[in-house]
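Single-letter residue listing:
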Amino acid sequence: MRRASGRIWWRIAWRNLGRNRRRTALTASALSFGFVASVLMIGYMHGMMEELVSNGTRVATGQVQIHAEEYEPERSIHETLGGREGLDVGALLDAVEAQDGVAGAAPRLYGGGLVSTGDETVGGILMGVDPVREEVVSRFGSSLVAGRMPGPGEIALGDEMAESVAAGVGDEVVLVAPAADGSTGNDLFTVSGIFSVGVGAFDDSYALVELGTLGELMAMDPGRIHEVAVSVDRVREAEPAADLIREAAAAVAPGLRTEPWSVLQPQLFFIVTYANSMNWVVAAFIFGMAAFGVANAMLLATFERRREFGVARALGTSGLAIGRIVVYEGILLGLLSLAAGLVLAVPLMVFIHENPIDLSRFVDTWSFGGSAVRPLLTVEYSVVGPLVSAIALVITGIAAALLPAWRAVRVPPADSLANR
Amino acid sequence: MGENSNSGTVPDAVHAGRSTEDAVQPQGHAVRTANLWKIYPQEPRPVEAVRGVDLVVENGEFVAMAGPSGSGKTTVLNLLGGLTGPTEGTVRIGGQEITALSDRELARVRLKRIGFVFQSYNLLPMLTAQENAEFTLLLRGVPARERRERVRNLFDEIGLEGMEDRFPLKLSGGQQQRVAVARAVLGEPDLVLADEPTANLDSATAEALLDVMEQLNRTRGTTFVFSTHDPRVMERAGRLIRLVDGRIADESTPDGA
Chain A
1 MRRASGRIWW
11 RIAWRNLGRN
21 RRRTALTASA
31 LSFGFVASVL
41 MIGYMHGMME
51 ELVSNGTRVA
61 TGQVQIHAEE
71 YEPERSIHET
81 LGGREGLDVG
91 ALLDAVEAQD
101 GVAGAAPRLY
111 GGGLVSTGDE
121 TVGGILMGVD
131 PVREEVVSRF
141 GSSLVAGRMP
151 GPGEIALGDE
161 MAESVAAGVG
171 DEVVLVAPAA
181 DGSTGNDLFT
191 VSGIFSVGVG
201 AFDDSYALVE
211 LGTLGELMAM
221 DPGRIHEVAV
231 SVDRVREAEP
241 AADLIREAAA
251 AVAPGLRTEP
261 WSVLQPQLFF
271 IVTYANSMNW
281 VVAAFIFGMA
291 AFGVANAMLL
301 ATFERRREFG
311 VARALGTSGL
321 AIGRIVVYEG
331 ILLGLLSLAA
341 GLVLAVPLMV
351 FIHENPIDLS
361 RFVDTWSFGG
371 SAVRPLLTVE
381 YSVVGPLVSA
391 IALVITGIAA
401 ALLPAWRAVR
411 VPPADSLANR
Chain B
1 MGENSNSGTV
11 PDAVHAGRST
21 EDAVQPQGHA
31 VRTANLWKIY
41 PQEPRPVEAV
51 RGVDLVVENG
61 EFVAMAGPSG
71 SGKTTVLNLL
81 GGLTGPTEGT
91 VRIGGQEITA
101 LSDRELARVR
111 LKRIGFVFQS
121 YNLLPMLTAQ
131 ENAEFTLLLR
141 GVPARERRER
151 VRNLFDEIGL
161 EGMEDRFPLK
171 LSGGQQQRVA
181 VARAVLGEPD
191 LVLADEPTAN
201 LDSATAEALL
211 DVMEQLNRTR
221 GTTFVFSTHD
231 PRVMERAGRL
241 IRLVDGRIAD
251 ESTPDGA
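Residue numbers (the numbering used here), protein chains in the order written: chain A, 1 to 420; chain B, 1 to 257.
No lab work stands behind these hints: they were computed from the structure. Check each hint, because a few of them may be wrong.
Claimed, not checked - What follows is a list of derived Cβ distance ranges for each label pair: (1) A:Gly6 / B:Val56: 37 to 43 Å; (2) B:Ser172 / A:Val346: 47 to 53 Å; (3) A:Ala339 / B:Ser102: 39 to 45 Å; (4) A:Gly6 / B:Ser102: 21 to 27 Å; (5) B:Pro125 / A:Ala339: 22 to 28 Å; (6) B:Tyr40 / A:Arg11: 32 to 38 Å; (7) B:Gly141 / A:Gly288: 55 to 61 Å; (8) B:Ala144 / A:Ser54: 55 to 61 Å; (9) A:Arg410 / B:Arg166: 29 to 35 Å; (10) B:Ser172 / A:Gly6: 29 to 35 Å.
Ideal Cβ positions, reconstructed from N, Cα and C, are used throughout, including at glycine.
Extracted from the complex, chain A is given alone in its bound form:
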């Protein structure tokens, strides 16, 4: 005997959904709202994580960094790229920027030092930068609240550091820094600008000096730098970009270590990974609640159709086929809900994305691991949210149908025909 066409079970399931349209609409709406809530929640989490990573990497560090093998973790001023002799910085930058997905690269020199106006002195991190290249890699330039990036003989201070030493644009400060030759360098600098990137670690401790000027202060040759910070087009694709950059850098000079932000900022990477895994938890929680309502409605519908199931069994329908009808109803209900959910979720997503809700009256900017998240309720466009939610929705439809299907399979034909 050939097997019955499966289409008939789908047809019956579809028509069953149409028999009590109000109940189907109410049940589907539970799933649809679950879908919308899940999409928006995951979109919000995704947006928050994007901002966290973006701020954590675009403020200063970049998404990929190149150091000398031994630079981390002591960050000794002697551990420059290419060793004490340095390397051809221009050739390295060219090689890096030639790679796919790389937006730009900037050389940096670091030193510790004191910034003093005479009356006030604070310790800080001196960062030698190429102001033009930094435009692409970091947000220092775009975060200037006064003045401009430093040229030769100039310095830009974080706003909190500037406040600490009571210095403003045009004022003179003295820098004192240990040099590579064992001496102590010091010089007078003019404050060219004040920046505020919104992350305390930078705003209260960083002072930017033009790369060549800081090299002179620290008695470092022009070919000596501590770091190349690289900005990539897509933050999430930093790792494959890092692989390309690593190969390109190795061709320029040996002994270099190239690492993506996920290695450079493990805390940040952990929280992003954790938050991503929470997407499933959020979806499971939302749809878990919806599943109870759906299962309840389907159980009721199944109970009402005991007689029909009994008739079908009496005519020779297998229990499996009866169960399939109910499970197919769950799947179709899920797909209906998904369609309705998409109609609701997509415009809402677009609206909230375009018009983020300002929560600054209720909460402050949140800092974490050298990054910060603004108090904005926004939703990032993402495939993950709708995809995870859609999968969760259909699984919920099927899961909610399993118990009713089991009950339908076990309907005794004679009892149901006798309305017992």
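Starting from the known structure of chain A, fit chain B onto it as the hints suggest.
Frame of chain A; chain B shown alone:
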């Protein structure tokens, strides 16, 4: 189309290729039960719905079971159809013992060998008349074109032409019962069990329906076992079995045997 049209016609669709004049004379037992008991556990004491029924129905018989309400007619039919299992005793359908079969095997036996007609029609409400009638054919994997053709031919012959796409709620009681009969016979079962099939029908519709079933019995040899209160069914039966309190009280045939 009135409900009484085509009464007495021969539904060729269920026996394609066989002449309506060829009366079938099948041999052997269609049904045989031995010491059949059905006891429902119930407080304050169990209900003995069927008590030691020994019944033999030969192939091709047109048998009616009569008796007052609660006499066990429907329970006996359910036992014969494998819709419920006996507390004791055995049921053989066409020589096959069915009481020890699994649910799946029972479903297969019902599908291949037994047709059901219920008092309250019991069409599947989400299927059209055509889909209801061809339901068992579909379960048996008969190709769509053949199903459609067989249903159309039978519908033409039992007065349901043009009703194929109607849902049960749009059909009268008589039309629904004719669809139910079509559903029962289209699969060409050896045995049709009909539980008070005329109970909800007006007189003319009931007569027309009985004509259809009687001719199916005569021309194709399909065995019919009815439970009924209806004198019209009893009059047409080849054998009348009276049940009282779950036992066979007596049997009679039209010739008085």
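To see whether the hints hold, each was checked on the structure:
no.	hint	in the structure
1	A:Gly6 / B:Val56: 37 to 43 Å	holds, 41 Å
2	B:Ser172 / A:Val346: 47 to 53 Å	holds, 48 Å
3	A:Ala339 / B:Ser102: 39 to 45 Å	holds, 41 Å
4	A:Gly6 / B:Ser102: 21 to 27 Å	holds, 23 Å
5	B:Pro125 / A:Ala339: 22 to 28 Å	holds, 26 Å
6	B:Tyr40 / A:Arg11: 32 to 38 Å	holds, 37 Å
7	B:Gly141 / A:Gly288: 55 to 61 Å	violated, 40 Å
8	B:Ala144 / A:Ser54: 55 to 61 Å	holds, 58 Å
9	A:Arg410 / B:Arg166: 29 to 35 Å	holds, 32 Å
10	B:Ser172 / A:Gly6: 29 to 35 Å	holds, 33 Å
In terms of the numbered hints stated before, the structure departs from hint 7 and from no other.
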